[in-house]
Amino acid sequence: MRKAKITAINGNMVRVSFDSLVVQNEVAYILHGTERLKSEVIRVRGKTAEMQVFEGTHDLKVGDDIELTGDLLSVELGPGLLGQIFDGLQNPLPELARRGGFFLKRGIYAEPLPDKKKWEFTPLLSPGSMVRPGERIGYVPEKIFRHYCMAPFNLDGVYEVANISPKGAYTIKEPVCEIKDKDGKITPVYLSQLWPVKIAIKAYVEKLRPTEPLVTKMRLIDSLFPVARGGTYCIPGPFGSGKTVLQQLISKHADADIVVIAACGERAGEVVETLKTFPEITDPRTGKSLSDRTVIICNTSSMPVAARESSVYTAITIAEYYRQMGLNTLLLADSTSRWAQAMREISGRMEEIPGEEAFPAYLESRIASFYERAGVVRLYDGSTGSITVGGTVSPAGGNFEEPVTQATLKVVGAFHGLSRQRSDERKYPAIDPLMSWSKYKSFIKEEQLARGHEVLRRANDLAQMMKVIGEEGISLADYVDYLKGDFFDFVYLQQDAFDPVDEATSGERQAYVFDFIYRMVLNAEFHFEDKTKALHFFHTLRQHFKGWNSMKEDSDEFRGVEAEIIKIVSERTVKNRQD
Amino acid sequence: MQKIYTNISQIAGDVIIVEAKDIGYMEIAQVYTRRGPSLAQVIRIEKDRIFLQVFAGSKGISTGDRVRFLGHTMRVPSGVNLMGRIFNGSGKPLDNGPELTDNLIETGTPSVNPVKRIIPNKMVRTGLPMIDVFNSLVVSQKLPIFSIAGEPYNELLARIAVQAETDIIVLGGMGLKYDDYLYFRDILEQHGALSRSIMFIHTASDPVVECLLVPDLSLAVAEAFALEGKRTLVLLTDMTNFCDSLKEISITMEQIPSNRGYPGDLYSQLASRYEKAVDFEGAGSITILAVTTMPGDDITHPVPDNTGYITEGQFYLKNGAIEPFGSLSRLKQQVNGKTRDDHRIIMNTMIQLFASYRETLEKQSMGFQMSDWDRKLLNYGKRFEESMMPLKLNVPLEEALDLGWKILGECFKPEETGIRKTMIDKYWPHGKD
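Note that the protein sequences, when read in sequence, are chains C and U. So that you can map any letter, position 519 of the first sequence is 519 in the numbering used here, and since no number is skipped, the others follow by simple counting. So that you can map any letter, position 363 of the second sequence is 363 in the numbering used here, and since no number is skipped, the others follow by simple counting.
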């Protein structure tokens, strides 16, 4: 074992001197009394190296011994991840609570996966078969999924199966297969494997363009600013604009097989809500508990900063692992700004030359390479798997000009900007349709969508105008255009998060209702005697629509209200613009 | 075994460097100066150069002064003996009482394991309708009071301290005016609340480093009580002074500032304090109310901005009252459905009508003509401001709700409020109107 000694301590960073050699980003342990504190080498200069410590550094002394492990910071990937709650270094928090009580005492680490549990293994190959890294060797059942055991991702080339265990129960510590390379060197394969978090898993044939929509059941997102499976999006917004609530609802309703939640540097209270309520919520798609398809990585704001920096990597590596099984995974990172701040703190301690607002110069490239780990890939067996990444951003002062928001906007495919004004007006979701954008294709017809955006823009212009010259100052036709936009916003863009039906709208229903609104309202011309009549008409319409939104689509009520709306509208319609 | 060192090689700001060996990071030392002894804390180690942040400030320190290292990190006494006592930012008594050395606990304990927290579900009654009815305070909540200088934020804090349902009150004062300190002491005493209070006071004339310690001392003491099953309420005033002290020290330490001179870790520093708010599974709780003065009423200033991202809402103090718009308790939904069945209705209806009142006020100031409805709203708004908003009220929630119905009944017809019929039948005053 290689050794080193502490020579300086500054916050969560220590400088060490070593005699032999060190590896950049290797894990090291500081030996302090009976404690072993995990840390990572982050810079080497001559015979000294700097390490970030994943724990509090109080009481450490110059001269304390360091044990260098040679391993990069890694996570253990295998059956048993689903339903777990880990900290940023993949320690299961319930196990830490069992050992440490109320507090996260430093230096206590626990095995990420249960090593005594037996898994029912079914082999898929026989001796003599050829495998490449990431190819399936067998599977075990995990919750509702078939969890594939794969040839280690870190191998290179093609291997031959030397022998493989028969169907039976095995722990993650027992080899289930042995493969040999062309020189005859044997490598055992276990149900689990280790992978360094900061390196992307690349055991696939090719990366594909994300084209399929990922339905989140939020009308504003799916219809107007869609997210693609394998795509990326960001949600910036000032505090109190509902970023976390939005992410929580997406994690519940999104059409993904696995959801990995990275609670990065945010409030513990919010994580508690997720981890205490998810086990009790039934996933409508599977009929099982929502926690069965969820992995939570939780490094809240008061937990050590260096571990916060790693937590998003831990999360995306777990997402990549399930993608390798041909599943569609969704990674929700809340908030990437806290991750960026963690980088800033560490960079400051290393006395690097700062960039804008003291963020390190490599901020942009780190953000870019993180989001680039998303994508749809074709695996060796022809199936596809995907990772969709959604990150919230907490811009200082709610100002989107700041470096983290700007660096993120350069690399994501969709931007859902939350505005303080919309959240103050109690509009949910508070995504501002005038500034948000998406580069992915919506399932709404293009010309209908364009009309939708146009109506919103026009209504906003007119609203601004009315603020100056009053309602009297604009023509009746303009006033109707304003009411159309206001109506569209109110009944379609906004959703009632407390209504069991309106809370989540399926893709089919969205397409149906959008088309209906397009034909009946957005693209129709109405006749009114005066503004009061117009206002009254839209208020009545609004009321009916609101009721319609909370009715199940296959019910008689639904069709009843629909007929009624058609009746009300047709009384006032002059003609439809095109048809 | 405690060695004494005399070779101080650098004095800059309130940070001195002394050459010493075998010293732990964050360890406490005693510096003996001509102005008397002062505690100091290790904030950086470079081989045998130990950087010490001197609590009493560096004025008058000579390069030949003695430094004795105590071999432990910052400690504070805890337990029932503290009740009714007042200390300064170094933990020294300010009330002429004896120095306490029993049950010493370390400050800055690690983070609570999230799985040992429970979802907040208990209300803290304060007797102030603007809080209890409209933005209920919840056990384990952390809420700042955003305020501009000159607003009666300390009066509000003192009132909450006196009226709130809680076992222990810990008051942490940072950069307090001496008068304010006396005010707090006298108010608590007058209302018989001093005996369940503990105060850590740093006044504006005290050394800047002591200001940094106040939240840690207050929260460490509160945490010890919470672990024994007590409901504790921690009141901090003013966190902006704490942040300014952080700024001062970090600039002395030649750290690169991030935003308006504040250090890059301001968010983490604030979060590690605010996140001490907790409702323990199977023990007591800590609730935190913290005054944050906003320089220039600017909510995007780094201090209120970072605070807002950490806390669970905010009370916004303006024109001597808690402003209904801009104030938000994010946890109120967890408790206000379980108080009385009309709580949410009164909350929503009265606020909506009050918003209409504000619009009418605007119209009035622009010289528009007032309709009957406008006059009703003006009357209502005035009643609301007079009977719900004053900070000197002390009414139980139920009475405040009844008062709400009374005001609505006097100002409006039932159908004008949009309240559903069943609730009107149950609560509307003077029969069915």
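No lab work stands behind these hints, which were simulated from the structure alone. Hints should not be assumed to be uniformly reliable.
[To be verified] Calculated cross-link-like contacts (lysine to any residue; reagent style SDA-like; alpha-carbon spacing at most 25 Å):
#, chain 1, residue 1, chain 2, residue 2
1, U, Lys230, C, Pro152
2, U, Lys247, C, Lys445
3, U, Lys247, C, Ala361
4, U, Lys413, C, Gln543
5, U, Lys47, C, Val44
6, U, Lys338, C, Ile353
7, C, Lys427, C, Met343
8, U, Lys3, C, Leu31
9, C, Lys427, U, Thr417
10, U, Lys47, U, Tyr5
11, U, Lys363, C, Leu535
12, U, Lys376, C, Glu562
13, C, Lys467, U, Glu359
14, C, Lys467, U, Lys247
15, U, Lys363, C, Ser550
16, U, Lys421, C, Asn549
17, U, Lys421, C, Arg542
18, U, Lys47, C, Arg2
19, U, Lys392, U, Glu155
20, C, Lys533, U, Gln41
21, U, Lys21, C, Glu35
22, C, Lys427, U, Gln334
23, U, Lys247, C, Ile353
24, C, Lys445, C, Leu535
25, C, Lys3, U, Ser365
26, C, Lys467, U, Gln334
27, C, Lys5, U, Gln41
28, C, Lys61, U, Lys392
29, U, Lys338, C, Glu273
30, C, Lys105, U, Ser365
31, U, Lys421, C, Val44
32, U, Lys318, C, Met343
Each hint, compared with the structure:
| no. | hint | result |
| --- | --- | --- |
| 1 | Lys230/U to Pro152/C | 52 Å, violated |
| 2 | Lys247/U to Lys445/C | 54 Å, violated |
| 3 | Lys247/U to Ala361/C | 23 Å, holds |
| 4 | Lys413/U to Gln543/C | 23 Å, holds |
| 5 | Lys47/U to Val44/C | 17 Å, holds |
| 6 | Lys338/U to Ile353/C | 54 Å, violated |
| 7 | Lys427/C to Met343/C | 34 Å, violated |
| 8 | Lys3/U to Leu31/C | 24 Å, holds |
| 9 | Lys427/C to Thr417/U | 21 Å, holds |
| 10 | Lys47/U to Tyr5/U | 15 Å, holds |
| 11 | Lys363/U to Leu535/C | 21 Å, holds |
| 12 | Lys376/U to Glu562/C | 38 Å, violated |
| 13 | Lys467/C to Glu359/U | 13 Å, holds |
| 14 | Lys467/C to Lys247/U | 43 Å, violated |
| 15 | Lys363/U to Ser550/C | 36 Å, violated |
| 16 | Lys421/U to Asn549/C | 24 Å, holds |
| 17 | Lys421/U to Arg542/C | 22 Å, holds |
| 18 | Lys47/U to Arg2/C | 21 Å, holds |
| 19 | Lys392/U to Glu155/U | 9 Å, holds |
| 20 | Lys533/C to Gln41/U | 73 Å, violated |
| 21 | Lys21/U to Glu35/C | 21 Å, holds |
| 22 | Lys427/C to Gln334/U | 21 Å, holds |
| 23 | Lys247/U to Ile353/C | 19 Å, holds |
| 24 | Lys445/C to Leu535/C | 29 Å, violated |
| 25 | Lys3/C to Ser365/U | 76 Å, violated |
| 26 | Lys467/C to Gln334/U | 38 Å, violated |
| 27 | Lys5/C to Gln41/U | 23 Å, holds |
| 28 | Lys61/C to Lys392/U | 53 Å, violated |
| 29 | Lys338/U to Glu273/C | 18 Å, holds |
| 30 | Lys105/C to Ser365/U | 60 Å, violated |
| 31 | Lys421/U to Val44/C | 73 Å, violated |
| 32 | Lys318/U to Met343/C | 37 Å, violated |
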